[in-house]
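Enquirer: When you get a sec, could you build the whole thing from the sequences and use the hints?
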Amino acid sequence: MNTLDLDEELNRLESEYKKGFAKPLILLMLAEKENYSYALAKKIIEKTSGKISIAIPNIYPILKSLKKSGYIQENKSKDHSSRVFYEVTELGYALLDDLTESLQQFLMIFSDLIDDYYEKRVENKK
Amino acid sequence: MNKDEQQSSELPENIQKYLSLVKKHIPGYKEIKKGVLEQFILDIQDAIQSTDKEINPYLEFGEPKEVAANLYQSQNWIDNITSLKIRSLAFIFDIIIIGVIFSSMIILGYMLINYEVYLDPLTENMIVFVKVMGYLCYVLAPIFYILYWFILEMISDTSPGKRILNLYVIDVNGAKSKKKQIFIRNITKILFPVLIFDIIPFLLEKNPNYIRVYDQAAKTIVVKIK
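Protein chains in written order, with my numbering: chain A, 987 to 1112; chain X, 3 to 228.
Incorrect hints may have been included.
[To be verified] Simulated DEER-style distance windows between Cβ atoms: (1) X:Q47 <-> A:R1107: 19 to 27 Å; (2) X:Q47 <-> A:D1098: 41 to 49 Å; (3) X:E65 <-> A:Q1091: 36 to 44 Å; (4) A:K1062 <-> X:L138: 54 to 62 Å.
[As the list claims (entries may be wrong)] Keeping only pairs whose Cα atoms sit at most 30 Å apart, straight-line, the calculated DSSO-like set for lysine-lysine is: (5) X:K133 <-> A:K1054; (6) X:K67 <-> A:K1009; (7) A:K1064 <-> X:K32.
[Claimed, not checked] Just a few of them, taken from the derived set where beta-carbon distance is under 10 Å, the chain X residues facing chain A: (8) F42; (9) D45; (10) Q47; (11) E56; (12) N58; (13) F63; (14) A71; (15) N72; (16) Q75; (17) S76; (18) P144; (19) I148; (20) L149; (21) V215; (22) A219.
Derived from the structure by calculation, the hints contain no laboratory data.
Where a beta carbon is used, it is the ideal one built from N, C-alpha and C, also for glycine.
Expert: What follows is the structure in structure tokens.
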């Protein structure tokens, strides 16, 4: 496998796992402050220092799915424009409480696994 | 000009072209497309206002087809698959509409060809004209029949009978269905015997939300769009 293939594979893997984090990420952002699609997309870029970005049109189906499950709700804009704002519901906060705990455990496990990997790589190089 | 049209017309030309490409991939009538695009247009306006440079919509939002896919996935259309009862009702409406027009054309053709019975003696030129019109009705009736089932659905994603009940034929993924898909799902309208492949599984399944074999083959669904 050459470098180009490796880069492609890395991009594919990154894209796969980032997709899995899209819903929790959007929920976390909305838990901070109710927001609308465009501002949400910009906030994700800003908060993750550009490491994660979700194209605006990709946000719509995620918002729909979260709304359908009852984790977020739609609010009409206060300035009487047709803009729709989204905010986390009580059910959404309950989900986030459990989800953040589970995510933290998951990240800790992965962090340990990555540390083990680095240690082994260093040993092998010696 | 309504609010949505005003919103779109205020956008730069390249964005308007881009939006028209996105619209092409969204099923349904103009009014429905407006509803789907409303939030997206607001987001585009925000994106334009956030920079002094001209934005490239392809880079900023993605390919029109993908954008359309996300927009229709954000709707509830796919969740509103119509029951067989409602689809049958739409079919009855269609049969009534098509029956009235088709039989009127055939009767008119017959009356014109047999003009002697219905009209006063005519001049030679009038006889030719009336007979040609009569045969034209015979030719146009089946063309109308084909146009009704195939072309109308290809253009507007619905037939008049379905339109009455706000039903639309869309791709299983929610996209606008392709011509080939419409042809496959309507094949029973011209090859009546193949309808048997629809009836047998339905009788065996006894499912009120049964999806026709030809809809399954075409990968289309009939949904209610509010």
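Enquirer: Next step is simple, just say for each hint if it's right about the structure.
Expert: So, going through the hints one by one against the coordinates:
no.	hint	result
1	X:Q47 <-> A:R1107: 19 to 27 Å	50 Å, violated
2	X:Q47 <-> A:D1098: 41 to 49 Å	47 Å, holds
3	X:E65 <-> A:Q1091: 36 to 44 Å	38 Å, holds
4	A:K1062 <-> X:L138: 54 to 62 Å	56 Å, holds
5	X:K133 <-> A:K1054	62 Å, violated
6	X:K67 <-> A:K1009	23 Å, holds
7	A:K1064 <-> X:K32	28 Å, holds
8	F42	7 Å, holds
9	D45	4 Å, holds
10	Q47	9 Å, holds
11	E56	17 Å, violated
12	N58	13 Å, violated
13	F63	6 Å, holds
14	A71	8 Å, holds
15	N72	4 Å, holds
16	Q75	4 Å, holds
17	S76	3 Å, holds
18	P144	43 Å, violated
19	I148	37 Å, violated
20	L149	35 Å, violated
21	V215	29 Å, violated
22	A219	27 Å, violated
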